[in-house]
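J.: Residues in the sequence shown are numbered from 5 upward in steps of one, following the numbering used here.
The set of hints was computed from the structure by calculation and includes no laboratory data.
Among the clues, some could well be false.
To be verified - 20 Å max Cα-Cα, derived EDC-like pairs, lysine to aspartate or glutamate:
id, residue 1, residue 2
1, Lys392, Glu448
2, Lys381, Asp447
3, Lys338, Asp314
4, Lys918, Asp629
5, Lys918, Asp891
6, Lys374, Glu243
7, Lys1043, Asp1108
8, Lys593, Glu917
9, Lys1045, Glu1005
10, Lys1043, Glu1107
11, Lys813, Glu917
12, Lys605, Glu192
13, Lys1013, Glu1107
14, Lys1034, Glu1098
15, Lys411, Glu434
16, Lys577, Asp1078
17, Lys392, Glu434
18, Lys918, Glu1098
19, Lys702, Glu683
20, Lys694, Glu709
21, Lys336, Glu277
22, Lys1034, Glu1047
23, Lys702, Glu878
24, Lys1075, Asp1108
25, Lys577, Glu915
26, Lys538, Asp630
27, Lys660, Glu1005
On a predicted model such as this, the values are computed, not experimentally measured, just so you know.
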Amino acid sequence: MSGSGSEAATSSVPSSSVSPPAAKKRRLHATADSKTGHSADGTMGGACSGQKVPKDGSDTCLEGAVDPSCFDVLVDRLAGRSPRRTAEQGMTAQNGSGNGQMAGGGRAMSGDGADGQLDEGLYSRQLYVLGRDAMQRMAASNILISGLRGLGVEIAKNVILSGVKRVTLHDPGTVEVADLGSQFFLTEADVGRGRADASLVPLAKLNPYVNTEVHAGELDEPLLRQFSTLVLTGATLDEQLRLAEVCRRHGVALIVADTRGLFGQVFCDFGPEFVVRDATGESAQTAMVAGITRDGTVSCLDETRHGLEDGDLVTFSEVKGMVELNDASPIKIKVTGPYTFSIGSTEAYSEYVSGGLVTQVKQPVTVSFKPLREAIKQPETVPTDFGKLHLTGQYHLAFQTLHEFEKRHGRPPAPWSADDARAFVALAAEVNGQLSERLEELDEPLLSVFASVCAGDVCPVNGVIGSIVAQEVMKSCSGKFMPINQWLYFDALECLPEDRSQLTEEECAPRGSRHDRQVAVFGHRLQQRLGDLKFFVVGAGAIGCELLKNMAMLGVGTGSGHVILTDMDLIEKSNLNRQFLFHKEHVGKPKSACAAEAVKKMNPKINVLHKLDRVGPETEAVFDDDFFEALDGVANALDNVQARVYMDRRCVYYRKPLLESGTLGTKGNVQVVLPHLTESYSSSQDPQEKSIPICTLKNFPNAIEHTIQWARDMFEGSFRVSAESASLYLSDPKFVEKALKLPGSQPLDTLDAVKRCLVDERPRSFEDCVAWARCHFQEQFSNQIRQLLFNFPADQVTSSGTPFWSPPKRCPHPIEFDAGNALHVDYVLAAANLKAAVYGLPQSRDRAAVVALVRQVQVPEFTPQSGVRIATTEAEAEALTGQLDGDVLQRLRAELPPPAELRPLSVTPAEFEKDDDTNFHIDFVVACSNLRAENYEIAPADRHETKRIAGRIIPAIATTTSMVSGLVCLELIKLAQGHTKLELYKNAFANLALPFIAFSEPIPCPRNKYYDHEWTLWDRFDIDGEMTLKEFIDYFQEKHKLEISMLSQNVSMLYSFFMPPAKRTERMAMKMSDVVRTVSKKEIEPHVRALVLEMVCNDTEGEDLDVPYVKYNLPRK
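From just these sequences and the hints, can you work out the full model?
T.: Rendered as structure tokens:
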């Protein structure tokens, strides 16, 4: 749903709803992959990426962990336990194969896993977050998760999706009705069954590469030794301490997690010496060297900041003169400026001449964890809300007090029981006295609220804590990213009503409902309001799936309300790694339909409607006034900025709350947009991505990103753009006429491309395609380089006496084709097959046959020519592209055969598809880019990295989407509560890699003023029509003392003070709707009930005024 940001002629979306850019703030939005519209993985730049953490490390997953299968059964029987049940039992029907194949089948490998390769089709987006090494370490790890209520299943879901080797589930409890309010894989039919058994099948189905099984016995020492990581949820303190000691003895990482109502807790112990291989996951910084002095000051080119910090280690390469640096060990630096740093004296080295690359070296970091028993008494915490730093000790005390309360009473405090709350606070004072680091003062109101809600269970809180814990599991077995050291606490008390007096024991008492534990926190009144909510979820990708799950568990739309979901995309294999509502059998089916069906199983009472429509001006007849006016709010789950801006404008126009979110790898953000309170999504904008200069791409690349973009452009020019023009020439009789009207040199470029496609380079067989590919190789990687060096020899100097080929320019060399070079053959094979596909000719994957054909190709001799102009600056490049040679254009027109003479020829443009490894698209770009890199002696990129850059893939991982969606739904609860205080809402920014989580109050909407009237982007003039244009102008003059100097509707100028008198007189007598029809030359569409008008006005003194837009309501028919 890449909704266009532009409105139709009679759009009901005001352009003025987008405020002028305010202070820039980073936002994680997927601006790439705009071919799709919904599927929200992605977003923005890098929120929180400025948070710097120590450098890198390693893993502690146990090597040689016990392999599942019959050996597991043997271990169980030797230990006197009943054998573990696996996903094999009862799963063959789910697989649909009927051959008894186990649902969880081995480590995360492609096919049957025999080749030891990760299934990149499934894990592609996650691979860009974690990297291949970390994923392979995870694929050898065994995880034990104990406790499978709402929090436990959230952790298990994310861990299984991540692709570990084996997940063992443990929960001795049985399913209760109240479990259904947060444990989304349980149904009413499961009540009375073992909780672990009931969860096994749906969890195992999430990832066929992960062995998923159930352990029904006790958690004892022989069992724990088999695992890399133990996750405990909902365990008693005594059990935590017992198992913590066992884990410590055997090097098993321990994660303890709990959610109690609106509070969450995480504890990590990865041992005394845990090695972190990569603390942040950010790419190593690189910079081009401009100079190195004798005192060791290194100057980098002024194009970009070096991004290094004091104490970083760096290496050098390609340094000329001071060559000793090229072979030196990593050197510690001291930053002296954004473009300079010091490496210490270089007196012992040769004199620096020119060039050089400096590269940051990431170093492992060793982290020491305290045992649980010690960490309880001396807690170290990671903050999750900097506005609540002073409360972390209170949270720690509250959870310790809860353990003691449950030990003494056999139950948690009753929901909103005043007596239990008082007893809890008194007990807290007693527990506080036993801590090594006692709190000087107890926050009794906070402890009282903790006691009142701790019996509850809220799904979005589980989503937040569960995603954090799952990411810690990945850290524990991969060494990727910095773990929590050691406690993390979270609360969402702002979700409680502003007036808490309504929360009584009676109001929050259980009634035998699936929502009893949620009612224990919020009461029955809020549950009713949640059921009556009408919400619109835009997008059914990763965030969309998580939002729907949370809404189903919360009970949104289960009463008189509903949830409407729209997404026009179909499910792809790469979606299955994050979009957990979909499985293998759903590939190729509509996302919205499958997602709606899945959440209906989670909560049969939810009223969920699905649509396949893109949101944008073209569907405003579908999502019309009636549709939006009935809504209580909108939740975006989009993957591109254009559609986000469009939905933001719609929400401003209809004055509806908008919950906006996005992710980029481990980074995520949430923004709350509230009518009349906050700025809108569009009020602030990220800076545009820095584009690569044309002359750099064409002639002077210096980084692999440049060669990949050049290769992608080569793909588009060779196999799509020229074929599209040729196809139009064959089918559209007016194509040439239209082409001649294009600006600059485009008419010449277009007709030249058509002629080459249909005449000069038209193949008749696959042999012709191979010949074309071989000649194309010669032209791109040899002839053009030779011409460039003819114009600018390697030893050329500029007018100032400096070498022409100085950084950032790299002096290239031509490549001579070698049929024995695999990369050269890769290029010809891919290019020939792509050419054949465009013309509908038979293709061939036989490399030997292609090599035999290519050896027979006669390649024309090339001699560099004088007079060829090559741009060296952007200005020169633009000047060259803007020139049009009329004689050449006329010759091209004359040489083009009439379309009738070319029939039945047809050409099919190639639409770049990055996720199909059989179509030669990525093969071509990889070979083309790396050959270009070889020309310029740039380090090549592998297929994986090339695919990311060329396909503009947004890195994504299930944990981040789960956390962000949980935070969004906590804001949804506040909307249902009817909060009116801005400070109760929270924008969120997080980076699970660091880990870093921060909240801020939403930015208030800016206030403007005309005369004594204040207004914001949420305000407007509402005018009921019909009026004539004169009556409209007079109305504002007399009613508001505003003299209209210009009036427009969308892109149509309806009135201006400089308009010719005759035209002005004619329009003054016309009805406003007729003026719009006349000027726009379009009819007003039937669904449009109002026109959005923009005014430029003067006050009584003749000064310009900023005023709101006008909503001109048309008479109802």
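J.: Can you list which hints this structure breaks, lowest number first?
T.: The structure conflicts with hints 4, 5, 9, 11, 16, 17, 18, 19, 21, 24, although it agrees with all the remaining ones.
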